[in-house]
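> Taking the hints into account, I'd like the entire structure generated from these sequences.
Protein sequence lines correspond, in order, to chains R and E.
Start counting the first sequence at 38; every next residue gets the next number (my numbering).
Start counting the second sequence at 3; every next residue gets the next number (my numbering).
Keep in mind that the hints were calculated from the coordinates and are not lab data.
The reader is advised that the hints may include incorrect statements.
A few chain E residues facing chain R, derived, Cβ under 7 Å [to be verified]: (1) T7; (2) Q10; (3) V11; (4) W14; (5) A16.
What follows is a list of derived Cβ distance ranges for each label pair [said to hold, decoys possible]: (6) E:A25 with R:S267: 20 to 26 Å; (7) R:K114 with E:M104: 36 to 42 Å; (8) R:E165 with E:F107: 52 to 58 Å; (9) R:D177 with E:I48: 52 to 58 Å; (10) R:K114 with E:N6: 28 to 34 Å; (11) E:V26 with R:S267: 53 to 59 Å.
Note that the structure is a prediction, hence the values are computed from the model and not measured.
No residue lacks a Cβ here, since even glycine has one placed at the ideal position from N, Cα and C.
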Amino acid sequence: MANLQVKIWRGAEEGEFQEYEVPRLESQTVLDVVTYVQRRLDPSLAYRFACRVGVCGSCAMSVNGVSRWTCRTHVSKVAPDDKLEIAPLRNLPVIKDVVTDMSEFFDKWAKARGRFTGSKTRKDAFAEVKPESKQRKAVDAAIECIGCGVCYSACEVVTWKPDYLGPAALNRAWTLVNDVRDVAQQERLAAVAGDAGCHACHTHMACTERCPKGISPTAGIAGLKRAILSATLKGEM
Amino acid sequence: MTMNTRSQVLLWGAQRISAMLLAVCVVVHLITIIYAVRNGLSAAEILGRTRGNVAWGGFYALFVAAVAIHAPIGVRNICAEFGWRGRGVDILMCVLGLTLAMWGFRAVWAVVS
Ligand code: HEM
Ligand code: SF4
Ligand code: SF4
Ligand code: FES
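Structure (structure tokens):
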């Protein structure tokens, strides 16, 4: 097999692409390529990963211009011509090379009240949630988020409007809006409403197209808009 | 000054409902166009249909109202993306809506009266 021609971003916000030659192997992932560069060619390269199997959400990068989880992205899928350009995720500050600062991304989850607020104690019985209930199904469709930031970096509205909460935080809020045990619903709806919240979304679905877990934050955001309108009309907000 | 959240939510609701109205109105409008041009388009024929007709007058008035509500809300969203937010743009959008409404109702009046 031919060698891969790999360009990787070096530096921080200011920087440049550096070229490396990496042996092409069978079943090679993009993360394998970055790891090869760091272990064999240039130990000063900074990148992030942990699980290597699509669970932890730490390895996302921009690969040939598209945000992806690199540990489960096969080179054969994204580089038919054996060329790779690997850059940090968009819409996040770059710390070094392909490592981005995710603090704002996760701060927005907190702002969107992405934390469960229950009312029961350990002495109470378990809540019963029917698997076939509408709300439980809505949760199922959105709960498998790994917090990788791919959707956030694919969303144009985040680029245009840096204070926009973004698809991942709103998707998280949507799972809790559908959690029948949660008692902070009004506060949560208020936190995600308005021009910096779900109402900024243009439904153009870049997040949904890119999410590696097959989640549709777009659908959740549309659900939030409906829930907020109905709460507003009922005078609950 | 930015608008309070409640107003932002109601604006979205208004845009949603006006969009639904527009979807219906556009379909009716297209069918009418196809029907109207079947043997050439003439002012006499159009006016023959609309003059004194309360139903057509009502339909076009609703159509105009939906456009006058829908367009400024959407344009406001787009302005916000270019960093243009706040009271100034909100006032300008009211002016845009009123202008659309004025032109539209004037046109409706012209064919119905
Ligand atoms: C002709 C019939 C039309 C239909 C069926 C229609 C439908 C829609 C729908 C469904 C939405 C999304 C609303 C939502 O988020 O729920 C929308 C948004 C919008 N519409 Fe229309 N529309 C029409 C005409 C117009 C016209 C004449 C304008 C003129 C400026 C316009 C400008 C916009 C803009 C700027 C948005 C906002 C996009 C966004 O914020 O994502 N639309 N429209
Ligand atoms: S659908 Fe909404 S959240 Fe998703 S990418 Fe588009 S604007 Fe962003
Ligand atoms: S919604 Fe999908 S793309 Fe967005 S952070 Fe969660 S797993 Fe990643
Ligand atoms: S390394 Fe954990 S998701 Fe890729």
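> Which of the numbered hints are not met once you compare them with the structure shown?
Violated: hints 5, 7, 10, 11.
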